[in-house]
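Go ahead and model the full structure; you've got the sequences and the hints to work with.
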Amino acid sequence: MLFEEPLAFVKAFIDDINDSLKEINPNATLSMTQKKW
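In terms of the numbering used here, the sequence shown opens at residue 1 and continues consecutively.
Please note: incorrect hints may appear among the correct ones.
[Said to hold, decoys possible] Taking lysine to aspartate or glutamate and the EDC-like style, the derived pairs with C-alpha atoms no more than 20 Å apart in a straight line are:
hint, residue 1, residue 2
1, Lys35, Glu5
2, Lys36, Glu4
3, Lys36, Asp19
4, Lys35, Glu4
5, Lys11, Glu23
6, Lys35, Asp16
7, Lys22, Glu5
8, Lys35, Asp15
9, Lys36, Glu5
10, Lys35, Glu23
11, Lys22, Glu4
12, Lys35, Asp19
Everything labelled a hint here was simulated from the structure, so no lab data went into it.
What follows is the structure, encoded as structure tokens:
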């Protein structure tokens with residue numbers, strides 16, 4: 001089964017990682033490829 005959108009808990013986890021990266025370095029974020037992979 002393939003999903004067009006990530007599951008809600010996966011998206012929330014990725015968003016939390018991205019927010020943590022921004023706290024450490026405002027210029028550091030996950031790329032679109034990293035978010036989707």
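Do the hints match the structure? See the list:
1. With a C-alpha separation of about 11 Å, the suggested pairing of Lys35 with Glu5 holds against the 20 Å cut-off.
2. Distance restraint check for Lys36 and Glu4: the Cα-Cα separation of roughly 10 Å lies within the 20 Å cut-off, and the hinted pair is therefore satisfied.
3. The suggested pairing of Lys36 with Asp19 holds, with an alpha-carbon distance near 16 Å, which does not exceed 20 Å.
4. With a CA separation close to 13 Å, the supplied pair Lys35 and Glu4 stays within the 20 Å bound.
5. Distance restraint check for Lys11 and Glu23: the Cα-Cα separation of roughly 18 Å lies within the 20 Å cut-off, and the hinted pair is therefore satisfied.
6. Taking the CA atoms of Lys35 and Asp16, the gap is about 11 Å. The hint holds against a cut of 20 Å.
7. Distance check on the hinted pair: Lys22 and Glu5 sit about 23 Å apart at the alpha-carbon level, beyond 20 Å; violated.
8. For the hint pairing Lys35 with Asp15, the CA-to-CA distance comes to about 9 Å; that is within 20 Å, so the pair holds.
9. Restraint check for Lys36 and Glu5: satisfied, since their Cα atoms lie roughly 9 Å apart, inside the 20 Å limit.
10. At most 20 Å may separate the alpha-carbon atoms for a hinted pair to count; Lys35 and Glu23 meet this at roughly 18 Å.
11. Annotation: proposed proximity of Lys22 to Glu4 is violated, straight-line Cα distance about 26 Å (limit 20 Å).
12. For the proposed pair Lys35 and Asp19, the alpha carbon gap of about 12 Å is at most 20 Å, so the pair holds.
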